[in-house]
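Enquirer: The primary structure of each chain is shown beneath.
There are 6 protein chains.
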Amino acid sequence: MPNDQLKEAIEVTNSELVIPPHTNHIGTIFGGRVLELMDMTGAMAAMRFAGEDVVTASMDAVDFKKPIQLGDMIELKAKVIHTARTSMVVKVDLFRLAHADSQKDFSCRGYLVFVAITCDGNPKEVPTLKLVTDDDNKFWAIGERIKQRAKERRIRDADD
Amino acid sequence: MPNDQLKEAIEVTNSELVIPPHTNHIGTIFGGRVLELMDMTGAMAAMRFAGEDVVTASMDAVDFKKPIQLGDMIELKAKVIHTARTSMVVKVDLFRLAHADSQKDFSCRGYLVFVAITCDGNPKEVPTLKLVTDDDNKFWAIGERIKQRAKERRIRDADD
Amino acid sequence: MPNDQLKEAIEVTNSELVIPPHTNHIGTIFGGRVLELMDMTGAMAAMRFAGEDVVTASMDAVDFKKPIQLGDMIELKAKVIHTARTSMVVKVDLFRLAHADSQKDFSCRGYLVFVAITCDGNPKEVPTLKLVTDDDNKFWAIGERIKQRAKERRIRDADD
Amino acid sequence: MPNDQLKEAIEVTNSELVIPPHTNHIGTIFGGRVLELMDMTGAMAAMRFAGEDVVTASMDAVDFKKPIQLGDMIELKAKVIHTARTSMVVKVDLFRLAHADSQKDFSCRGYLVFVAITCDGNPKEVPTLKLVTDDDNKFWAIGERIKQRAKERRIRDADD
Amino acid sequence: MPNDQLKEAIEVTNSELVIPPHTNHIGTIFGGRVLELMDMTGAMAAMRFAGEDVVTASMDAVDFKKPIQLGDMIELKAKVIHTARTSMVVKVDLFRLAHADSQKDFSCRGYLVFVAITCDGNPKEVPTLKLVTDDDNKFWAIGERIKQRAKERRIRDADD
Amino acid sequence: MPNDQLKEAIEVTNSELVIPPHTNHIGTIFGGRVLELMDMTGAMAAMRFAGEDVVTASMDAVDFKKPIQLGDMIELKAKVIHTARTSMVVKVDLFRLAHADSQKDFSCRGYLVFVAITCDGNPKEVPTLKLVTDDDNKFWAIGERIKQRAKERRIRDADD
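Protein chains in written order, with my numbering: chain A, 1 to 160; chain B, 1 to 160; chain C, 1 to 160; chain D, 1 to 160; chain E, 1 to 160; chain F, 1 to 160.
Worth flagging that the hints you see were computed from the coordinates, not collected in a lab.
Check each hint, because a few of them may be wrong.
Each pair may be met inside one copy or between any two copies, as identical chains are not told apart.
Restricting the straight-line Cα-Cα distance to at most 30 Å, the calculated cross-link-like pairs of lysine-lysine (DSSO-like) are [unchecked claim]:
#1 K7 <-> K77
#2 K65 <-> K130
#3 K124 <-> K104
#4 K65 <-> K77
#5 K151 <-> K130
Work out the full structure, taking the sequences as your base and the hints as a guide.
Expert: See the structure below:
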């Protein structure tokens, strides 16, 4: 699949009911479980875009708003927003639906970088993201910053 | 929430990557795991429609087409298609996305009946489904047959 | 293993304690979890009869009686009741034992069709069920109807 | 439930298919997973005998024979063999059924001591085991030794 | 527990064997599973420092080095490095031990912010971290930057 | 790796938060779950010592003290204490940290025997444990008794 192939991104939706195995002893979902769901949903968006298996290269900072409770529903929406030669930046939004009403609250957003790989684990080229709307352009720029921050972290870590 | 309240149904989407815990020793997903995902996604569609907790009352027959493999993606779409006083019929469609390409194959369909309940477990009235499109009317009629078949099973079982 | 080999069926028993990972936020077991247990126990009955790996081809309708609670015990009993060239119909009965007393309540029954497969996934012939008791003959007839209903569903679905 | 109530023990059977979540990276079931299944099945036998919740007080030594593989079936049989005022000794036998044939191999045996408890966690009296067969008497004597060994361990540990 | 109480931090160690339920279909651990382990180990370090339950407020960016394989061992080390009135910054280091040799490779580092809470979910004061070594001072400064970056993200998000 | 290679043992530490999936319906951890954690932690200590995969050969008797509750933390410490040609005895200590305070209570101790294996499942020689401290010598002697008891059980079982 050549890198100059242009392709639109498909949004992947994932819904989860917060059940006892996802929660701690005080009835709220673990932050780590939320991060796992964001990674899993993001990986599916990247796999569907690349048509290949992917591995997670990095996760940008995530801030948790008010806690999600046992019995709530979660909706995750993931979409590729930026592409490089073998990597993709995926935005994942998480919404909370308190079960007693159907109102959907924005809960948190994460940006993950995935690398497409061949079956023997080597990086593989991905299509280039086709930008259609204004939002596509706005998020491409955010994706650029995500990549830039990751690069700065590599330099900072080498200095440690 | 009075029964004469009319309400449109929201489709709930759920995506899953088929990973080792979902598969048997020959690398295909368990039929039972598929049924569990259909029940869980259907329950969320019913909960969002009723604005209440729900319990599964019955699952209509399900036929599995060709096996879903480790590494495939699954997409489930669930929607309330029929309502009675305290119960809802939910249709759940399951699609398979073989990971090497982005083609979506219809895999199987299930119809589940859920009952809305109060926090102490008693049945609770649900809104009446608002029918908008021709499809809504077609699936309402299917929902009627699902309920009719469930009634016939109760009579048949009482005869056993 | 030739198809004209006659073989009696062995009943497979499975017991489960209903613990938090199996239940929802209101303390009752998920319908989907029950279906998964029925499929798993049924698959073991089919594997022991066929002496081969199996895949689930279909599950007939299941009706859930009163909810099973956290702390209850479940007993499942599965047995092959009908055989064709490569497929088996398995009956699975689920009983509930409320933990405070030893009384066993019938909870629900399911009929599943399994197909025996070779290690590369192709259908494989199974022995023919040997009918010994009156009950064996009664359930063979029920198995015939299960297969007949599955055939009617295939025709109905092709019409959709 | 008075201690002088005599009661026969019911054997609890549990069947499990060895699937990827139960196995390590070399395709054999974890010893710890086997111990967990033995404890769980034993607990159900004790709960059914006592008609109460139970907690595990001790597990006698267990020796594992040849490894159980992915795709094998396991059958566990648990039965109360000895009772004291609030405690029960349960014998749990584990058999392995290699999936390609229906032969059942004895794999290992464990003896567990369970204590019946009230809902607030205090020990509660259990019925006295009714001994009917020669085997019942033989295993009662083994149960005595299990309790004796546990008592010796307490003395030995206090000396450490 | 007054905020002016000075307390040294205890390092919490967690070891995990990478088994099939943690890995994807290509035999490497999920990034999301790694994040979950980091959050869980970090939460235990925060709980032991605060003597209270905690919730995750944010996770700073994490970069994954070369993939961790099925059969590898993971070692996580978590320690509180900074405290404010009700929140703690925890550093979590993850090491990989390829199972064929005992060499320990640094794999990735994460910084999480946890908030101590009362049983009804309100923030609760935590002791102040006692700084003893040069490293304690170095990491306190890093903790300051972690908090500063979280504050900047809140401003940035409000602008979106 | 020749048997006459002398090697010191490394202690492996594992920490777990007791969450709903680990507990029964009365909020205490399952004895079987504790045994599973002890086996898993012990296996990692044996793998790190042998530099090879291992299988569990036996578990010596374990006595559970007062129950561990939902929300408690567990700390396990495992170390090889005795070696033979292909087998190792591992001591595993389990401590409980009630979450409201940082006090660590000794909860139970187990001794497990592991055998190192090649990738095709055959036993493989392990290094000989280097004894450095008085405690090393004391626990080597205990390891001898563990092995002796296992040998006596084999004779006893053959007599049954």
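Enquirer: Indicate, hint by hint, whether the structure satisfies it.
Expert: Status of each hint after checking the structure:
| no. | hint | in the structure |
| --- | --- | --- |
| 1 | K7 <-> K77 | both (19 Å within a copy, 25 Å between copies) |
| 2 | K65 <-> K130 | between (32 Å within a copy, 29 Å between copies) |
| 3 | K124 <-> K104 | between (37 Å within a copy, 23 Å between copies) |
| 4 | K65 <-> K77 | both (17 Å within a copy, 26 Å between copies) |
| 5 | K151 <-> K130 | within (24 Å within a copy, 34 Å between copies) |
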